[in-house]
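Participant: Chain residues, written in single-letter form:
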Amino acid sequence: MLEFIGRFHPLLVHLPIGILLLACFFDLLAMRPDYAQLRSVVPLMLLIGFISALLSSISGFLLSGATDYDEDLVLYHQWLGIGTTVMAGILFSLHKKGSSSSRWGTILLVLLITITGHFGGTLTHGEGYLTEGLGGAVETGPVLDSVPNIQQMAVYNGLVQPIFEARCVGCHGDSKQKGGLRLDGEEWILEGGEDGPILPDPKDGENSEGEMIKRLLLPLEAKKHMPPKAKSQLTQEEISLLHWWVRSGAPFNKKVGEMEQDGKMKTVLKALASGKSAGGPEASVSDLLPSEPVAPAPATAVERLRDAGVMVLPLAQNSNYLSVSFLSAQRTDDSIFQTLEELKPQLVWLKLDDMKLSPQTIKSLSTLVNLRKLSLSGSSITDADLNALQQLKQLRSLNLSATAITVAGLQSIKALTHLRELYLYKTTIKTTDWPALQQTFPKVNIDTGNYRLPMLPGDTSEVKLN
Amino acid sequence: MTHKHDHAQRLLKEAEAAELRNHTRRHFLKESAMGLGSLAIGSLLGAWGCGNAASKTNPLSQVAFDPAHPLLPKSPPFLGKARSVIYLHMAGAPSQLELFDFKPELAKMDGQDCPPSLLAGKQFAFIRGVPKMLGPQAKFAQHGESRAWISEHLPHFSTVADEVSFLKAVTTDQFNHAPAQLLMHTGSPRLGRPSMGSWVTYGLGTENQNLPGFVVLTSGGSFPDAGKSVWGSGFLPSVYQGVQCRSEGDPVLFINDPAGMNRDLRKASIDAINAANLQEYNEYNDPEILSRISQYEMAYRMQISAPEVMNINNEPDYIHEMYGTQPGKSCFANNALLARKLVEKGVRYVQLFDWGWDAHGDNAGNALNLGIINKYRSVDKAMTALLLDLKQRGLLEETLVVWGGEFGRTPMMENRNGAQNPFKGRDHHTEAFTIWMAGGGIKKGYTHGETDEIGYSAVSGKVEAYDIQATILHQLGFNHEEFTYPFQGRPFRLTDVGGKVISQVVS
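Chains as they are written, first to last, in my numbering: chain F, 1 to 466; chain H, 1 to 507.
Treat the hints as calculated values from the structure; they're not laboratory data.
Misleading hints may appear alongside valid ones.
Beta-carbon label-pair distances, calculated as ranges [claimed, not checked]:
id	chain 1	residue 1	chain 2	residue 2	range
1	F	N253	H	E482	42 to 52 Å
2	H	E105	F	N466	30 to 40 Å
3	H	E482	F	L11	31 to 41 Å
4	H	N479	F	I239	14 to 24 Å
5	H	E288	F	G180	56 to 66 Å
6	F	L73	H	E105	52 to 62 Å
7	F	I239	H	G227	38 to 48 Å
8	F	N157	H	N479	33 to 43 Å
9	F	G121	H	E16	51 to 61 Å
10	H	E283	F	G309	28 to 38 Å
11	H	E288	F	G179	47 to 57 Å
12	H	N479	F	V294	21 to 31 Å
13	F	G309	H	E105	55 to 65 Å
Just a few of them, taken from the derived set where beta-carbon distance is under 10 Å, the chain F residues facing chain H [as the list claims (entries may be wrong)]:
id	residue
14	D195
15	A316
16	L322
17	L398
18	A402
19	T406
20	V407
21	Y423
22	D459
Straight-line alpha carbon distances no greater than 16 Å define the calculated EDC-like cross-link-like pairs of lysine to aspartate or glutamate that follow [as the list claims (entries may be wrong)]:
id	chain 1	residue 1	chain 2	residue 2
23	H	K345	F	D354
24	H	K122	H	D173
25	H	K500	F	E221
26	F	K443	F	E421
In this text, a Cβ means the ideal position worked out from N, Cα and C, and glycines have one as well.
So that you can see chain H by itself, here it is in the shape it has in the complex (with noise of 0.2 Å):
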């Protein structure tokens, strides 16, 4: 017919033949084989009646990944005994030689070069050549019913210790702080893995539709070493990476309308951009679109919720006190406060990042005698307090509190490049640190785990990062084994091809 005719049958054939080309290979053994298997399989068990698992599963738990609405909350697959979590990360790593994990014979050791047995075959950071031992720089005492080993440098933790169980065999294989730190909380000391909040709240979604179900909070004036790594999505959908606030200012940034935008002309441009996302959706059917369309429409509702729930200054000045806030400065108290309040709110999974423990003593800053005091002062009040206001809230049997840092301190003090640091520091140590864990289902006043005479090295219950993310995972209701994500082929876990849930510290 006509030319114009000629020209649309031609188009037709070629979007035909670019559609055809999508369907490879791969895709047709899949859909075939695996397609029509598995419908056979299922037709079969379902037959004989014994089922598989995903038909015993509630229809109401809502387990699979709804794109357009990926933060509903969902059912784990058992029965967990915490709801949320918050983690207080110490980011530079803290001396566990300076508060819990008390070495008398170490004391003696001060001073002397350190054995040489210690260090064959080792590598650190800065230590090089023979370097001297550092006796603890503090007093240690008992405490509770538990006679918990605390130092005088956490003289209001030391009330809670039967609240918490120590893990003092905490060993990393990560000798620097971004890759230690990923590996802390992405399962891999490479970058590109979903964090652990992520990996919660992609399982269990959140209890608050207007709110982000993954906040992270820093504090100690920078971010940790890792950068936004740490609290990444990787290859999840973007939608649950963690969503930083701030505990001054405006708690989102940008969370205000500019002067002169009400709320009707931001809800009138938000519907508009959204009507836009939905065309292109339309076209192309990227599920992330729809996550875009939800994550505009939660952010309409956090403008309203938001500055509620994350402005401190509305709670009674003893809770204050008790925290030891300083208003209108950003500092971990006031983010500890907020962490309290977000989990009260129904957020999953809270993050804090407290910048400053690296105590080599190369500066007065950093010196375990001097600075790195501050930092024991701007933490312990505000831990303990956490810990107590969760308590009375009866939100702590439901929220698991973790503590620690991404790896421990030697035993040794810092000679870097092998001569003598300034001031008294020690440097990073892979092989055993503490981290307690509180709340949430885990046993109170009980100790995991020992190292030997000087604290160099774990002698029993020793666990790894995976055995600790196992544990957290054990803790909301999942078998950390069976809960991964297909990427690039394969299914991905947190916790990689390791760990086991640490059932010692479970009640």
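The following block holds chain F by itself, in its conformation from the complex (with noise of 0.2 Å):
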């Protein structure tokens, strides 16, 4: 019975913060003479507050024994709750008496009733709740980064625990304990929730993988799906490594080597002690663009380009960064490419198939410091040129293709450290050139193109139907 009284404080709370917050906004509007006539109400508005504060506290206190908060937010709350309702009080007595010096008082609760609904919004909506709308970035990536001595690593805690802190604890670790749940230390893990264990019943055997891993394999949509939806979600390989450490009975001081694993954790293991753990999209992405923020392009320069039938794009809505193509271009004078120079902050992309580039393009293209993508497919560029082209130390992709470039023009490229792929189809490079190159660029996949595909005999025959 007390419990339920106790559920009724969410909607009572709400009382005593309009009645109080507007008994104090008349107050301090009576003080100008034209509004003196709420004076007069000002005393009962406090006395109804008041009681209405009174009532929350008793609800609010019955409420704080029954379930489980975070019991140093409760204590806050509670306490300023209290004080909130005594300083309606006082304020009231000291209206009734006909004390006109309540202004500081005033001031005081309208600080009291906002200091402790906070609190009181936290309690039931989790910390963070109220700066979230600011759009702080919900964080989704993998949790792990790459760990090179993986056998050596603490499995539980080097691998579950940092899992656990980064994907549950907010609702099932010290502040909250959602479903009577922590996950924040090796006790309460073993303790599990109020619906019982979380790891399975040694008794069960090997078929039962226990509510923890039967909750976070179910579908997203399902209502017991953990972590619930809106929240950001554990990675396949997150999953498979707690589910695999749920089956080797959830040791919690071996180390990683000391355990069996099977092939499919095997790879899990590799890939995360090579650092290239299922880094999601934006992991390589971002590596097409800078992470850092830039300011916005210069307006009149893009609409110049745009004039010229140059293509001008942000990469993306809510970046600056921006990708250019010369693919319908109208005009390419030298005015054009000197234009492209005063967005050189922003520029990362650029395509300039089939172009011809002329002596002063070129000192324009080096400026462009920037660069991530340049593609010069079927451009005139030389292999002088290309010796210009090594100040675009950000290149990670080059694309020289149907062009004049020869092996020892290569040469001059060697120190685009970041450089990845670089596509040299239809160039006079041969594949009897590949041992030069791959030892040029160690690290670059270097594509020269020209497939073949066998002719086969199914390739021009039919099979008769009859």
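Could you fit the two chains together into a complex? Lean on the hints.
Facilitator: In structure tokens form, the structure reads like this:
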């Protein structure tokens, strides 16, 4: 019964908040001669506010015993709530006596209501609920960074607990224990939640995976799926790690190397060791885009380029980095390229396929030091021009197909340490040049193209149908 | 005053009343409540400096729909790895059991009666009663570093196994061709929704203003069963519907000026039509009229650009050999080569349909061991060449290639209406089939999903059409849940209320 009354707390609290805030507002407003008549209603409002605050405090006290909120937060909220009630009572009696010097008391009451309310909100909605709306990014990337010495790593402290920390402890931890479950320590994990243990009972044999894994594996739409749909989800690798840990009897003090590893687990661990764990799309995409923000490009320069038929487009709606393509450019004189120089900080992807590049153009091009992806396929670029492009230190992908580039010319860009893709289809470079090229560019994927498919009998004949 | 003046007054009043009738209660509620409300909230947020998503958007990114330039390139909401899509649809639904899904257990059951557990409560398009099981009609081997299982029917494609991601457990809920094709491409088995290519060109525009943004190429002698609705624009502005082009003869029908009409005269007539349309627009303000004007202008530009881009004859011989084209004919290989040329020239979405994969075995032409083998041969080399050709040009990293049918085929041999079919064939099957994706930020040499021992249903990594659509949109830089279009009073999206990005195949 008492708990039932307690459940009215979230409803009741809104009464004192509204009534007392309005009372304070009227009280302050009444200091202006125009609104002096408001003074007469303030005591009554304070009285009603005080009574509702009292009821809220009582119901709140009953609620606090019944559910598993963060104890510290509850204590703050409780004492501030009581303080608010008392303050409302004091103000009421002051007004009753006709004392008019209660302005500071009024302001204090407003502050008390605000802070108490904030703690109350934090209790129900969770920490950070308010500031989430400001656009703080929800962390969704993988939790575990590359771990070179993975076999020596403690499996619980090094792998399992960090996953819990990042994905679960927000609701199942020190400040909140949804479902009566805590995942921030061995004893609590073994204890389980209000629905029972989360790890499988050894008596059930190998087929039981336990409640935790079961809920992780439920489809996202399922009501009992964990984490809830709106929260950041575990990656496949993280789930397989947890699954593996549970399957192996959930040891708390073993090292990775001491546990049995099947083929699938070996690949997951290997990927983790090399830092190539399912990085998600962002991890690799971001490499084609600088991570630090940049100021917007000058609109006039963009306009001039667009007028010439050049496509200038931000890589994404929320980014100032630009991609530029001359695919359907109508004018390509030197002044257009000089305009390009104005976009130097923003310009990361550039397509100049089939273009005639004057010495002046090459000079402009060599200033675009933020370029990450450059396609010069079919352009008039020469070995000498390439020399100028060694300034483009950020290049990740360079397309020189169908150009007059030679092996000797490529030597001048060997210092481009970030380069990963190099396209050399339809150049003078032959497969016999491969060993030399691979020595010059050990980290680069070189594609000389010229793929041929053999002529197989089936390619030109048909199966007879009769 | 005069009678005439009275008349004019009356007309004016009538016009005013007519206009007022256009302002319904709905308008009032919408404009007063929402209008004022959002104005207030907007200014409030602005004053606090937190702002909304829109204020963070780069003004240069051209997000809004501009009816006068509907196909201008636009930025995606997020950085996407793919800039264009080539979707190879094998209409009629190829058999996963003869190409990618190797099931030795099924071979052991060949000729036996189908266990009743596989039939209880199931519905098939043609199978009635108890059919016999049919073992794989192909030899399989593992290929590449990824050890992907591919059958002897695709000897060329086996060499590029390490370039693609296989989805082995795709499912659908439609066992007839037309609804299943519609579901795959429009997100609904019923007519009326925009196709994926329309959504993509609506969201991203296209990089070449002299060519359509969404091109459709068909081969195999027939249209897909769902007809032109699989590339329709649904409720999106009609400018986003797929433009069907041909790889032989005129690339676009009637693109050449007729005899006696020179280019100046053509220009003059288009100018005149557009002037009339503009007048109409000024009167009615219908944005579709602006789209129409821009379409006329594009058609005029296309007269110059399209014949050149769409002519595959100016490609070198070795490229023709690689694709196995048949000049002058309408075939998949020609279309595949054309698809590469179009993407190279900035076309956003190229949709290929190849008809004739419906391997029922009710005649020799669609028997798994006869006619269908000719289908394998007609696509194997061309689709392999397409991947390699895109790769050597540096286009594969930004072009997403998708291959698949609208559903799969049963592990049982079809017994149409209870009687054994004369040839080896399989019925339509919804519970498991294979689709592969490559390029555009998709993992190389990866297999996602698994079917049971006989390839009847998915046991892990099950995905459906919505998931594939969500993944395609994701690779292009969209969150499929937020990419919507308002229609009939609610926002619509390609993936309806489903879809989850298949993150396992994203690199």
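Participant: All hints are to be evaluated individually against the structure, with a verdict given for each.
Facilitator: How the hints compare with the structure:
In this structure, F/N253 and H/E482 meet the distance hint of 42 to 52 Å, their C-beta atoms being roughly 45 Å apart. In this structure the supplied range 30 to 40 Å holds for H/E105 paired with F/N466, their Cβ-Cβ distance being about 33 Å. Checked against the hint of 31 to 41 Å, the pair H/E482 and F/L11 passes, with Cβ atoms roughly 34 Å apart. Taking 14 to 24 Å as the suggested C-beta distance range, the pair H/N479 and F/I239 conforms, at roughly 22 Å.
At about 60 Å, the CB distance of H/E288 to F/G180 agrees with the hint of 56 to 66 Å. F/L73 and H/E105 have their C-beta atoms about 58 Å apart, which keeps the hinted 52 to 62 Å range intact. One distance hint, 38 to 48 Å for the beta-carbon pair F/I239 and H/G227, holds here, with the actual separation near 43 Å. Taken as a hint, the range 33 to 43 Å holds for the pair F/N157 and H/N479, whose Cβ atoms sit roughly 36 Å apart.
A hinted range of 51 to 61 Å for the beta carbons of F/G121 and H/E16 is consistent with their spacing of about 52 Å. In this structure, H/E283 and F/G309 meet the distance hint of 28 to 38 Å, their C-beta atoms being roughly 32 Å apart. At about 55 Å, the CB distance of H/E288 to F/G179 agrees with the hint of 47 to 57 Å. For the hinted restraint 21 to 31 Å between H/N479 and F/V294, the CB-CB distance of approximately 23 Å keeps it satisfied.
For F/G309 and H/E105, the hinted distance range of 55 to 65 Å is satisfied, since their beta carbons lie about 60 Å from each other. Given the 10 Å rule on beta carbons, the hint for F/D195 is violated: about 27 Å separates it from the nearest Cβ of chain H. The criterion of a C-beta within 10 Å of any C-beta in chain H is met by F/A316, whose closest approach is roughly 5 Å, and the hint holds. Interface restraint check: F/L322 against chain H, minimum CB-CB distance 8 Å, threshold 10 Å, status holds.
Hint on F/L398 holds. Least Cβ distance to chain H is approximately 9 Å, under the 10 Å limit. Hint status for F/A402 relative to chain H: holds, with the closest Cβ pair at about 9 Å, below 10 Å. Of the supplied interface hints, the one on F/T406 is violated, with its beta-carbon coming no nearer than about 18 Å to a beta-carbon of chain H, more than 10 Å. With its C-beta approaching chain H no nearer than about 18 Å, F/V407 sits outside the 10 Å limit, and its interface hint is violated.
Below 10 Å, beta-carbon pairs count as interface contacts, and F/Y423 has one with chain H at about 4 Å; its hint therefore holds. At its closest, the beta carbon of F/D459 sits 6 Å from a beta carbon of chain H; the interface hint therefore holds under the 10 Å criterion. Taken as a hint, the H/K345 and F/D354 pair is honoured in the structure, with Cα atoms around 11 Å apart against an allowance of 16 Å. With a C-alpha separation of about 12 Å, the suggested pairing of H/K122 with H/D173 holds against the 16 Å cut-off.
The suggested pairing of H/K500 with F/E221 holds, with an alpha-carbon distance near 11 Å, which does not exceed 16 Å. With a CA separation close to 9 Å, the supplied pair F/K443 and F/E421 stays within the 16 Å bound.
Of the numbered hints stated above, those contradicted by the structure are hints 14, 19 and 20, listed in ascending order.
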